[in-house]
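Novice: Now for the letters of each chain:
Number of protein chains: 2
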Amino acid sequence: MTEPVKVALLGCGTVGSEVTRMLLDDPGELAARVGAPVELAGIAVRRPDKHPELPQHLITSDATALIDSDVDIVVELIGGIDPVRGWLLSALRKGKSVVTGNKALLSEHASELAEAADESGADLYYEAAVAGAIPLLRPVRESLAGDRITRVMGIVNGTTNFILSAMDSTGAGYAETLDEATRLGYAEADPTADVDGYDAASKAAIIASLAFHSRVTAADVHREGIAGISSSDITAAKSLGRTVKLLSICERVTEEDGSESVSARVHPVMIPKSHQLAGVGGAFNAVYVEAEAAGQLMFYGQGAGGAPTASAVLGDLVSAARNKVAGGRGPRESAHAALPVRPMGQTPTRYHVSLDVADKPGVLAQVAQVFAAHGVSISTVRQRDRRSTASLVVVTHQAPDAALRSTVDEIDKLDVVREVISVMRVEGEAE
Amino acid sequence: MTEPVKVALLGCGTVGSEVTRMLLDDPGELAARVGAPVELAGIAVRRPDKHPELPQHLITSDATALIDSDVDIVVELIGGIDPVRGWLLSALRKGKSVVTGNKALLSEHASELAEAADESGADLYYEAAVAGAIPLLRPVRESLAGDRITRVMGIVNGTTNFILSAMDSTGAGYAETLDEATRLGYAEADPTADVDGYDAASKAAIIASLAFHSRVTAADVHREGIAGISSSDITAAKSLGRTVKLLSICERVTEEDGSESVSARVHPVMIPKSHQLAGVGGAFNAVYVEAEAAGQLMFYGQGAGGAPTASAVLGDLVSAARNKVAGGRGPRESAHAALPVRPMGQTPTRYHVSLDVADKPGVLAQVAQVFAAHGVSISTVRQRDRRSTASLVVVTHQAPDAALRSTVDEIDKLDVVREVISVMRVEGEAE
Chain Z
1 MTEPVKVALL
11 GCGTVGSEVT
21 RMLLDDPGEL
31 AARVGAPVEL
41 AGIAVRRPDK
51 HPELPQHLIT
61 SDATALIDSD
71 VDIVVELIGG
81 IDPVRGWLLS
91 ALRKGKSVVT
101 GNKALLSEHA
111 SELAEAADES
121 GADLYYEAAV
131 AGAIPLLRPV
141 RESLAGDRIT
151 RVMGIVNGTT
161 NFILSAMDST
171 GAGYAETLDE
181 ATRLGYAEAD
191 PTADVDGYDA
201 ASKAAIIASL
211 AFHSRVTAAD
221 VHREGIAGIS
231 SSDITAAKSL
241 GRTVKLLSIC
251 ERVTEEDGSE
261 SVSARVHPVM
271 IPKSHQLAGV
281 GGAFNAVYVE
291 AEAAGQLMFY
301 GQGAGGAPTA
311 SAVLGDLVSA
321 ARNKVAGGRG
331 PRESAHAALP
341 VRPMGQTPTR
351 YHVSLDVADK
361 PGVLAQVAQV
371 FAAHGVSIST
381 VRQRDRRSTA
391 SLVVVTHQAP
401 DAALRSTVDE
411 IDKLDVVREV
421 ISVMRVEGEA
431 E
Chain P
1 MTEPVKVALL
11 GCGTVGSEVT
21 RMLLDDPGEL
31 AARVGAPVEL
41 AGIAVRRPDK
51 HPELPQHLIT
61 SDATALIDSD
71 VDIVVELIGG
81 IDPVRGWLLS
91 ALRKGKSVVT
101 GNKALLSEHA
111 SELAEAADES
121 GADLYYEAAV
131 AGAIPLLRPV
141 RESLAGDRIT
151 RVMGIVNGTT
161 NFILSAMDST
171 GAGYAETLDE
181 ATRLGYAEAD
191 PTADVDGYDA
201 ASKAAIIASL
211 AFHSRVTAAD
221 VHREGIAGIS
231 SSDITAAKSL
241 GRTVKLLSIC
251 ERVTEEDGSE
261 SVSARVHPVM
271 IPKSHQLAGV
281 GGAFNAVYVE
291 AEAAGQLMFY
301 GQGAGGAPTA
311 SAVLGDLVSA
321 ARNKVAGGRG
331 PRESAHAALP
341 VRPMGQTPTR
351 YHVSLDVADK
361 PGVLAQVAQV
371 FAAHGVSIST
381 VRQRDRRSTA
391 SLVVVTHQAP
401 DAALRSTVDE
411 IDKLDVVREV
421 ISVMRVEGEA
431 E
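If you read the sequences in order, they're chains Z and P.
Take the first sequence: its letters are residues 1 to 431, numbered as in the working numbering.
Take the second sequence: its letters are residues 1 to 431, numbered as in the working numbering.
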């Protein structure tokens, strides 16, 4: 009989309780996949008395003692940076593999954790940290390891996608829709992490690090949330055959001098209704990956929720356990390139600008002159679009974001411009 | 300096030449991912004089000698069963890892190859065998290893998808569209393997084996191709808001006695235009995976072509090379369940039947009586649909395929039925 692989679980909320259920439900099935029994050795929770549903002999409030006991793998589902960071570093340094879904921790301290894992030969897996049940990190890290990923773009935050989908279909404003999302449980009581883009930025940092074999932290990611999106923005998007999504965009870019850098950003984007990401509704996630040889790939599925996220945790747990049984470890991360991060101002983007302008001749000439003065080339102009309140709608070609930003600032000051109704970046061709 | 990992390449056609290019182009990048240099030690081709573009010192016509030299990994891109089967078994038995895209071989001899790999501790990877560049097998095998996959359904043959997409958009017949596909290079001179569903059936066998941890061979897969699809079928589908796709469908089914079995089949299916698979056009592939905890996932990308397929080969090669460097091996297959294969006749499906019937009272009653006599429940009936030539269109609820088949046979014999215009299985709800 092979020795069991012993697992410590830290945290037992929505995802943790699903993981517990899956570990206890069908141990024979898991053992067959791993090649040895998988034993849940203990569950550390802050308030043991709050968990009457769990097997009481497994519960402890002493996470440190549980980690230091003879467990082989630590599964962390508490979240946040402290005290989790110290616990996981300690586990990794002792050669215990770690499976975690902690995006905040990974987007800030991945280097330190990866180094600790490398030194002791332990595994560090975190598929659950990005896009819930969707197998994304493993394909990026392993399946595409021989290819060259150039771009990753996706919807990785379900809360904001739910809100934007609802605004698009009901025409309601942001505040009202957020209230509804909170009532339905799609948004947390304090929605800041989601609606201000912190969650999506953490995920972008994790994706960019793996995709480009470099180290990108959350602080490197340009971040704009959805709190500024108005129903005018949604209407403007609709009048162009587009919809608004909060996208995480990670790109590998070649600078003029031939050197490489990384761009990572999170902001609302108008995309054509015909774009595959436009059809991703509600709390679903979808991620496009572009690689030189593979071309365009898409991954789609549930980005959150207890059972879907637990599926990702269990996949990692099986891998870590198999490696323990085989006496090896999985592929380490390959963050060998220290690529600089291109600032948002230098990142080429395209803008959509809807303006309410004075009804007299020469207005377009004045507005166009401002674009030209900033070196921004205009793609399309529509005047007096009956489907919106705007009297002038401009979509640009690509230009550095800073140039676009200052163009809009200057246009806003023109006497002939009554109001800047909507400004938003656009992706994708069709209109 | 770490010892290089030596690679033998067998075959150098469309995919092999891309693999060669990627191996030779940026050795530093690959070495960084693997942790050691990756050295292309030799390329075995049948006719060395036909490859002036390759580095001549690498070329050999003696595959056996190349495999027997001091190479660590054998990449096989020749295809077919013999002599490849013997070569790969010999390599695996000597502890050399194998990376292959050979679906015909794997769908018939996977057990034997996996056993040889297990015995010597070598890796056997074959991501390129199914759905080209799309990372599908690794997610199924590893990311979902702790979950329970219940169903995999997808478009895994680009040639038939191109033909069906073209028939749908042009209204042209099958023979004419096949000619066009051949002219454009989307179909081979002998299109049998694609249009008769052999290729899709091999892939279904590989998918089902990995997804259900059982052993399913190509012979276990019920197979119907697209050669029988007429423009009447396409028209009938359109009149129901549907389109026709050749799908590979693998299911884990629970029998009435509680035992489990596997169903694997390839056949044309009418799916709603709103279904995500309906939008997959041209030579693209897309695969849905349903798992108990993860829910519904979708993977989308290029299913064939030199560079995309080479991307999948390189990903496997990097994994195998990393394992060599680390002294371990990747997760073995877990074909521990020997689930029986449910025959097609017992598999529940839904049928669409378009009939040209006599224009007199009581016809529907007669037809409905035949369905009832076979225990088949009708979902919808439409009479005298102006959008098609049919005068009676029936869509059933689920029933065993054999019952549906014999219902159609009996209906065809009814005096009041002038012609059975179209019979096809349907998937998905909306109409």
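What the hints contain is simulated information worked out from the structure, not anything from laboratory work.
In this text, a Cβ means the ideal position worked out from N, Cα and C, and glycines have one as well.
Watch out, some of these pointers could steer you wrong.
To be verified - No farther apart than 30 Å at their CA atoms in a straight line, the calculated lysine-lysine pairs in the DSBU-like style are these:
{"id": "1", "chain 1": "P", "residue 1": "K360", "chain 2": "P", "residue 2": "K413"}
{"id": "2", "chain 1": "P", "residue 1": "K238", "chain 2": "Z", "residue 2": "K273"}
{"id": "3", "chain 1": "P", "residue 1": "K50", "chain 2": "P", "residue 2": "K6"}
{"id": "4", "chain 1": "P", "residue 1": "K360", "chain 2": "P", "residue 2": "K238"}
{"id": "5", "chain 1": "P", "residue 1": "K273", "chain 2": "P", "residue 2": "K238"}
{"id": "6", "chain 1": "Z", "residue 1": "K6", "chain 2": "Z", "residue 2": "K50"}
{"id": "7", "chain 1": "Z", "residue 1": "K273", "chain 2": "Z", "residue 2": "K238"}
{"id": "8", "chain 1": "P", "residue 1": "K360", "chain 2": "Z", "residue 2": "K273"}
{"id": "9", "chain 1": "Z", "residue 1": "K238", "chain 2": "Z", "residue 2": "K413"}
{"id": "10", "chain 1": "Z", "residue 1": "K238", "chain 2": "P", "residue 2": "K273"}
{"id": "11", "chain 1": "Z", "residue 1": "K238", "chain 2": "P", "residue 2": "K238"}
{"id": "12", "chain 1": "P", "residue 1": "K238", "chain 2": "P", "residue 2": "K50"}
What the hints assert, rightly or not - Some chain P residues close to chain Z (C-beta under 10 Å, calculated; not the full set):
{"id": "13", "residue": "A36"}
{"id": "14", "residue": "V140"}
{"id": "15", "residue": "S143"}
{"id": "16", "residue": "R148"}
{"id": "17", "residue": "V289"}
{"id": "18", "residue": "Q296"}
{"id": "19", "residue": "L297"}
{"id": "20", "residue": "V318"}
{"id": "21", "residue": "A338"}
{"id": "22", "residue": "L339"}
What the hints assert, rightly or not - To be clear about the criterion: a stretch of chain Z counts as covered by chain P if any three or more of its residues have a C-beta under 8 Å from a C-beta of chain P, and this derived list gives those stretches:
{"id": "23", "segment": "63–77"}
{"id": "24", "segment": "87–95"}
{"id": "25", "segment": "145–157"}
{"id": "26", "segment": "163–173"}
{"id": "27", "segment": "287–298"}
Novice: Look at each hint and say if it fits the structure.
Specialist: Checked hints:
1. With a C-alpha separation of about 17 Å, the suggested pairing of K360/P with K413/P holds against the 30 Å cut-off.
2. Only pairs whose Cα atoms come within 30 Å are accepted, and K238/P paired with K273/Z is accepted, the gap being roughly 22 Å.
3. Taken as a hint, the K50/P and K6/P pair is honoured in the structure, with Cα atoms around 24 Å apart against an allowance of 30 Å.
4. A hinted pair counts as satisfied when its Cα atoms are at most 30 Å apart, and K360/P with K238/P qualifies at roughly 26 Å.
5. Straight-line distance between C-alpha atoms of K273/P and K238/P comes to about 9 Å, which keeps the hinted pair within the 30 Å bound.
6. A hinted pair counts as satisfied when its Cα atoms are at most 30 Å apart, and K6/Z with K50/Z qualifies at roughly 24 Å.
7. About 9 Å separates the Cα atoms of K273/Z and K238/Z, which keeps this hinted pair within 30 Å; it holds.
8. The hinted pair formed by K360/P and K273/Z fails the criterion: a straight-line CA distance of about 47 Å is larger than 30 Å.
9. A threshold of 30 Å between alpha carbons decides the hint, and for K238/Z with K413/Z the separation of about 26 Å falls inside it, so the pair holds.
10. Proximity of K238/Z to K273/P is assessed by CA-CA distance (about 22 Å); at most 30 Å being required, the pair is judged to hold.
11. Pair hint K238/Z plus K238/P holds up; C-alpha atoms about 28 Å apart against a cutoff of 30 Å.
12. Between K238/P and K50/P the CA atoms are separated by roughly 48 Å; this puts the pair beyond 30 Å, and the hint is violated.
13. The restraint placing A36/P at the interface with chain Z is violated, with a minimum CB-CB distance near 12 Å, outside the 10 Å limit.
14. For V140/P, the interface hint holds, the least distance from its beta-carbon to any beta-carbon of chain Z being 9 Å, beneath 10 Å.
15. Annotation: interface hint on S143/P holds; nearest CB of chain Z at approximately 3 Å, less than 10 Å.
16. With 10 Å as the threshold, the beta carbon of R148/P comes within range of chain Z, its nearest partner Cβ sitting at about 8 Å, so the hint holds.
17. Hint status for V289/P: holds, given a least beta-carbon distance of 9 Å to chain Z, under 10 Å.
18. At a threshold of 10 Å, the smallest CB-CB gap from Q296/P to chain Z is about 6 Å, leaving the interface hint in force.
19. For the restraint placing L297/P at the interface with chain Z, the shortest Cβ-Cβ distance is roughly 4 Å, inside the 10 Å limit, so the hint holds.
20. The interface hint given for V318/P is met, as the beta carbon of that residue sits about 4 Å from the closest beta carbon of chain Z, less than 10 Å.
21. With a cut of 10 Å, the hint placing A338/P at the interface with chain Z is violated, because the nearest CB-to-CB distance is about 12 Å.
22. Below 10 Å, beta-carbon pairs count as interface contacts, and L339/P has none with chain Z, the closest being about 13 Å; its hint is therefore violated.
23. Counting residues of the segment 63–77 of chain Z whose beta-carbon sits less than 8 Å from any beta-carbon of chain P gives 0, not enough to reach three: the coverage restraint is violated.
24. For the segment 87–95 of chain Z, the stated coverage by chain P is not satisfied: 0 residues place a CB nearer than 8 Å to a CB of that chain, which falls below the threshold of 3.
25. Only residues whose beta carbon comes within less than 8 Å of a beta carbon in chain P count, and the segment 145–157 of chain Z has 4; three or more means the coverage holds.
26. Chain P is given as covering the segment 163–173 of chain Z, and this is violated because 0 residues of the stretch bring a CB closer than 8 Å to a CB of that chain, at least three being needed.
27. Using a Cβ-Cβ cut-off of 8 Å, 8 residues of the segment 287–298 of chain Z lie near chain P, which meets the minimum of three, so the contact claim holds.
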